[in-house]
Amino acid sequence: MKHEYISNGNSILIDDSQGLGRPFEGIGAVSGGGATSKLLINYEEKLRGQILDYLFKPNFGASLQILKVEIGGDVQSTDGTEASHMHNIWDENYQRGYEWWLMKEAKKRNPHIKLYGLPWGFPGWVGNGTLSPYTAPELTAEYVTKWVKGAKQVHNLTIDYVGIFNEHKYDITYIKTLRKVLDSRGFRETKVIGTDAYWEIVPDILKDKSLAAAIYAIGTHYPGTISPSDAKTSGKPLWASEDYSTFNDEVGGGCWARILNQNYVNGLLTSTIAWNLIGSYYNHLPWFRSGLMTAVHPWSGHYSVPTPIWVTAHTTQFSSIGWRYFAHGNGVGKLPQGGSVVSMTNEAKDQLSIVIETMTHNHSICVRPALPKYNVSPQNITITLKGSFATLSHMNVWYSKLGFSGTADQMFQKRESLFFKNGQATLYLGLDEVFTLTTITTGNKGSYPRPPGPKPFPLPYSDNFEGLQVSQEPYNLVPQVGCFEIVKSQDASHGLVVRQTVLEPPIESCTWPLVYPIAIIGDFNWTDTALEVDFEIPQVNGTNGVFVAARVDRGSCPSVNAQGIFFYILPQTGKFLGGHSSGSLNSKEIFNIDIPTIPLRGWAAIGTDGFGYADFDNFSISQPKQMG
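In terms of full-length UniProt numbering, the numbers along the sequence shown are unbroken and rise by one, the last being 628.
Simulated from the structure, these hints should not be mistaken for lab results.
A hint or two may mislead.
Said to hold, decoys possible - If you anchor each label on the Cβ, the simulated ranges turn out as follows: (1) 155 - 135: 26 to 32 Å; (2) 618 - 42: 41 to 47 Å; (3) 394 - 153: 48 to 54 Å; (4) 10 - 601: 36 to 42 Å; (5) 233 - 388: 26 to 32 Å.
Claimed, not checked - List time: in silico SDA-like cross-link candidates among lysine to any residue, alpha-carbon distance up to 25 Å: (6) 104 - 53; (7) 414 - 58; (8) 152 - 177.
Built from N, CA and C at the ideal position, the CB exists for glycine as well.
Turn these sequences into a full structure, and let the hints guide you.
Set out below in structure tokens:
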């Protein structure tokens, strides 16, 4: 089916009398994949609440309708690792990490928000002796189902959707097994999305009825607003289950505005989910500022509310999951001079919302895939209402214009109503604009006082971890390999300590094995720092050694090749490996040597020499004392 223009000339027809299109299934965002919300939880409560309101509170900001979170698997999954609820087969803990907290905060603000869990990787034991989660399908299905069960029993959270394995090969037997295990454990209402990759599964769905029955919707990533014809005729809802991932400036806002409309106009995609929810991770980690919001200064309280928040509001504040799109050519389609329009109505057909965007090519380029050239020109359009809404006298108008070449943004402004005479009204459309015409009266541009300004990571810095809860992840320390969480020390004098808790290599999402657990902290621009930490290696399941490091120059999957100044202590060998500086143990100087000039800067870090337990306490960072 080819969807071109909605009108002849400049007349746009809005008419439901010939039937409607597909159900609208929501706009959402991803927390995780990975550790993208890491710094958010450390914000002061008042400011943190403001950020959460901009994301989730209905009729305030983005008013998101879906929250998708990583099912932590102890793996590096983009900007850090997220802890599994089962580090080991004999271990279950539903307090780890921050996704439980985030889901509850979202539900607190919007009880109707849908929740969606997806693994980016798995603890090593799930592979049953291999590096594949599909070797023992029942084991993996039980692991995922326990996460769904823990959400319900421990946190009173109903998980609406689960996925398979982010951007990895799928396994048909596993998908069917997951559906069977969910059903047998009482989670028939939790729907399976297949497969959070691309379109490869479509032929299998078409030829395998039991596979089709196991999957609710086909979830694809970065579709470029288009879908293959066999997907459109598969009988399954089509979702852009991950999209966007674009720097959140004005071009990022333009990208998001264009795909929110055109994912349905071109691809019949009924849900679009942004990666990521909020860029709350250190600068110089991958994809900085690729969230709908940015919050990277918990120590100062600074955050920003960029254009994608208000672009989202143009759809989410004036629709609900379960509304229906109008048919193509009767309220959905391309505009005569470029741009697009989608129209939606509720089940009773007594509410109508029309979203129009006129994003120009160069001002709406997403990071992926490549965007073919197209043209948009200013235009006058005549809107003609027929069918259920033929007698509407007026519609409320919300307007945004992205600012370029020194002009200011005009975001989510309430304008004068658009009045209809004999079912018609005329509207002028400029470039890089979004209009919402709606019968809904509850739209609102929420606001809070300007947050504090940004400040560098504070020095001196110290943490004895006593203010945290057991199983919590320490603030500001961002695991890149392994997991670091609060435990009660075996030494009563230390109280609570941070433990590296992963005992064996996980089933990674990275393309090469990461074998040296490391957690970074601070400012990538640090050059000279003095680090101190107490450590203990437990006798049972202990690691081979520990390190502290400065000038760590990379994170994410390349952590395995990170350079910096590393001070290793290997008790089993009696060796002290100085990464080229001065180091002391128990106040006794071990070495004092020259350091290389490369890398010149980087984060501070702690970590271990291989997987296994190690405890850390009384971690401090300061400027080094001047040498005489």
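Contradicted hints - numbers only: Violated hints (numbers, rising): 2 and 4; every other hint is consistent with the structure.
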